[in-house]
Each structure stands twice: as structure tokens, then as C-alpha cells.
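Enquirer: The residues making up each chain are set out below.
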Amino acid sequence: MAKMYTLSNGKVVTEPGNKSIIYLVIVLAITSFFMLFIPIDWKAINFRNAGFILGQLFTPTSGQTYRDYFAFIVSTPVLNALLETIRLSFGGTLIGALASVPLAVLSARNIVKKPWIYQTARAIMNFIRTIPMFVIAVVAIFFLGYGILPGIAAIAIFTFGIMTKMVYETIETIDMGPVEALDACGANKVKAVGYAVFPQVLPIYLGYFIYCFEINVRSSVILGFIGAGGIGIILYNNVGYRYDRVGGVILLLFVVVVFIQSITRYVRGKLQ
Amino acid sequence: MKKIPLLHRKKYIITHEEATVERQLKEQPKLWIYNLILAAVIIFLIVYSFTDSQINLSRFANVWPSFKVMINGFANPNTEFLFGLFDADGSIDKTTIPYLTMQTIAIAFVGTIVASIFALPIAFITAKNVAGKHLSKVGEFILVVIRTFPEIILALILIRVFGIGALTGMLTIGLHSIGMLGKLFAEAIENMDRGPIEALDAVGANLWQKIRYAIIPQVLPDFLSMGLYRFDINVRAATILGVVSAGGLGTPLIFASNEWNWPTLSSILIAIILMVVVVDLVSSKLRAKLV
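Same order as they appear, the protein sequences are chains V and G. Residue numbers for the first sequence follow our numbering, beginning at 1 and rising by one. Residue numbers for the second sequence follow our numbering, beginning at 1001 and rising by one.
Where hints are given, some of them may not hold.
Partial chain G-side listing against chain V, Cβ under 7 Å, derived [as the list claims (entries may be wrong)]: (1) Asn-1056; (2) Leu-1057; (3) Val-1110; (4) Lys-1137; (5) Ala-1166; (6) Ile-1211; (7) Ile-1215.
Calculated from the structure, these hints are not laboratory results. Note that CB positions come from ideal geometry on N, CA and C, so glycine has one too.
Assemble the whole structure, with the sequences as input and the hints as a guide.
Expert: Structural data, given as C-alpha cells:
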């Protein structure tokens, strides 16, 4: 029962009830319902394995030295696969980012005034965004065969979806003054967008591009597992018997991702 | 041609030749050269990224027949697999889509809860206005390291400790999400308004009362909204984990794609798209209520 207080002016107020308990119970109930779908097999859990596998990953296998361990990381096949990962992420991101521009303009409510156009454009974008990249890759393999071609296609389509969303949201926040000025001069829609919208959006667009590239390098590891190119194939081939090689590739990826992240942060800082 | 005065002032006459707009146009750098170079660089990068891709027209010859096969698959989904709830002996069938879809959502949901629980203390360490500058650097480093590992690699490591199945998937999602949730939580704490804390200080509240009445009411809506946002992302991520047998819809997807069994494959794709759309809708409705 909520507490009642009588104030000095005679007003009676009730203390608001504490709702956090109710929320906590709801969250706990949903969590325990979902836990029904996550079977826990206590016998299969082996915490001792944790230390064991870390040792396996980051030390050479028996009969080899750290020299061999690091020689594998910088061996030609591994570096080629790494280059392939970067190349396919970059190419896919570039194609997707370029292709997203027209759809983003069509999705922006302040540029395209007709609801049926921007709603159709957004529906296309939302549909593409629902499909996880790895699912796009599986379908792309079916269409194009194995290799880095479906990888590039998957990354391009995935980037197209998220870039369109981010760019159109940016376009909707721009200053419409220059667009109206060009309209008043008699410029047509295409010219108005080119001279008044793009210059305002460009720095933010480049920032998003780099951000997408960073995400794509990380998520493209999965592509190798399903045969769509990149360094994932080396992980896939060595999982199960050469954990030292898996660990080596993990270290290499870690260094590369940290390197790309620091470049990203530097460039984004410059752009803003 | 005679010069026609455009604007008469006593001291200064602007002619057509000197009109500011035209002068501006003449004086501006030759943009087309930059544009040409930029276009060349972009085309070169795209072409370069396609090296070793064995791209040729014959790769695209299969697109139309494949498309027909795919459409045929979508027209005849494997309904037994798509809707089958129970086994022959009446117990819940754990190999069909309804169960696996719920399992995928469960992996994402419980994973997000686990991540939020661990992200909270790290976020308080990372927030510059709570912890000092040095401690904040430590927190940031932890978060960056966690974020850097792709999910699939975490799953590969965790699967050796927790075995094959959804538990590993849930823990992978949980561990991976700490990185981003911790960062977002820390930003929310940093953007907090200090006014209510000072007000409670002034009336003599103790630390717990300050946390309860000044900090939690401010950050809780933000935290919940970020958690829901991450849950959205995690539902998509949870489909990947099946590739390494860490539960969810990914495992049957990979098996069906190995033999291009389109009736089964299309059922899984339908389930994934429906699942993501429904989760997106629910979470965006909830988030709109929170903010």
C-alpha cells in the first residue's frame, strides 16, 4: 500500500509506488522463459579446457618453436588471405556506399516531397536491412559460385542497406536554406541536391563509409567459413587440429583490426 | 558590346563583367579535374578489389536459372519443417523452425541481459565523470579488446569450454556485446545531468539514495533503449553462430545450403526475415515509449 503524507497546507499526497521491482520481475520472467530454449549440459562444460585451449591457441604445438608460430602468421598464404579480406571488404563497402546515395536521396522526406516515393524507397531499404550479411552471402554463393565474388556482393548489399539508412537520416537533418536558394534561382532537383545537399552531407558520409569498412573487415571473417573468400578459410581449415594456427590468425586479425580502428578514429576526428 | 551599368552608386559601378556570381564562378578551382581524378581513383580501387575474383560473364550465366530455382523453392517451402511443433511421440520437436527460431531469439535476449549485467560495472569505470582519467583509460582498453574479436572467433574459443549448443551461442553474444554496450552505457553516464545529484547532496542524502533517486532515473531509460538496440543487432548475429554449431537457425541453414535444398532453405530464410522484422517492430515500439 502506498504511503500517504499530509502536507502543511492540508493537501494529502501519495508516495509514487516503486515500479522497478515489477520491471525486474518481468525481465526475470522473460529471461527464464527464454532459458528454456538454451539447454545447459553441465557434463559438457569443462572449465579446465579454458586454460588448456588458451595455451593451445597462443603457444606453438609440440615440437615447434615460437619461430615457427610467427613464421606461419607472416607466411604468404596467410598474408594473401588477409589482403583478400581487406580487398573484398573495401571493394564491397565502396560499391555499397556509392549505390546507397540515390536511394538515400529518394528516402529523405525533405528532398522528395511525395510520400509514395520515399515510403517505397524506405521499404526497399528496410527489407535489405533485415537480412543478416551471412545469409546474403549464402544466397550470393548460390547465384555466383564460390570465391570472393559472392563475398564482395554480400558486403556491398549489406553496406547498401545500412549506408542508405544512415545517409538519409543525415540528409533529413541538413540546413534546407541552400536548397531553397537554388530552387529560387531556378535550379532543378538534381542540381539542387548536387550543389546544396552533397556538400553538407559529404564529411558525414565519409565518416560512415570508414565506419562501415571497419565493421565489414570484422564481419567478413565469417565469409571464409562458408566459402565466400577471405581469411576465414584459414581459420576454418585449421579448427579442430591446429589450434596454434587458429591462434596465430586471431592475433593477426586483432592487430589488423586495431590498426584499422586507429586509422578510422584519426580520419573521423579530422572529418568532424 | 557596350558596357551596361548594373548598379549605380556615386563611387562604384558594378558591370556585368564584374558581377559577383560570375567572378566567383571564374575564380573557383577547376573542380572537374578533381572530380576526374577522384572517379579514376574510385574505379581503380573497385577494379583492384576484384582481382582474383575470377569475374567473367560465365559467372553470371547461372544467375537467371538459379533465380528460378530459388523462386520455386520459395513457392514450395518445406511446411513440415516450417510449422512442425511436435515430434511423432508428442514431445516438442527441437529440430524444426519454431523451436530454432525461439532459440535464436533466446540466444540474443539472454545474451544481451548477460552483457548488460557485465557492462554496467565496466561502464561506471569507463565514465570519466565517475572514475578518474586513469581508471577510465583502463575501462576503455578492456572494451576495445572485447569489441575487436569477431563473434565467430569468440564462439570458436568458447565452444571448446561450453560444448556444442545454444549455451555457447548465448555466452558468445553476451561476451561480444559487452564491448559496445559498455561504451554506450559509459557515454550515457557521462552525459548525465549533475543537478539532481547536487540537489540530493544539498538535502543530505546518502550515497545509495543519490544513486537510487538521481542517477538511476536519469540513465535507466537510456540503458534500456540501448539494450533493446543491441538486442536487435544480436538477433541477426545469433543466426551466424549456427555455422560453428553454437545453436539457432544457422546450423540448418548451413546444412541446407551444402546441398542447396531450396524448400528447406527458403523456409529458414522466411523464418529469419519474419523473426528480424517482428523483433525490430517490437523493440522500436518499446524504444519509442522509453524516450
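Enquirer: Does each hint fit the structure? Answer for all of them.
Expert: Status of each hint after checking the structure:
Interface hint status for Asn-1056/G: violated, as the beta-carbon distance to the closest one in chain V is roughly 10 Å, over 7 Å. With a least beta-carbon distance of about 12 Å to chain V, the hint placing Leu-1057/G at the interface is violated under the 7 Å criterion. At about 5 Å, the closest approach between the beta carbon of Val-1110/G and any beta carbon in chain V falls short of 7 Å, and the interface hint on this residue holds. This hint is violated: Lys-1137/G has a C-beta 15 Å from the nearest C-beta of chain V, more than the 7 Å allowed.
Given hint, Ala-1166/G at the interface with chain V, holds; its Cβ is 4 Å from that chain's nearest Cβ, closer than 7 Å. A least Cβ separation of about 12 Å between Ile-1211/G and chain V goes past the 7 Å threshold, and the interface hint is therefore violated. Of the supplied interface hints, the one on Ile-1215/G is violated, with its beta-carbon coming no nearer than about 13 Å to a beta-carbon of chain V, more than 7 Å.
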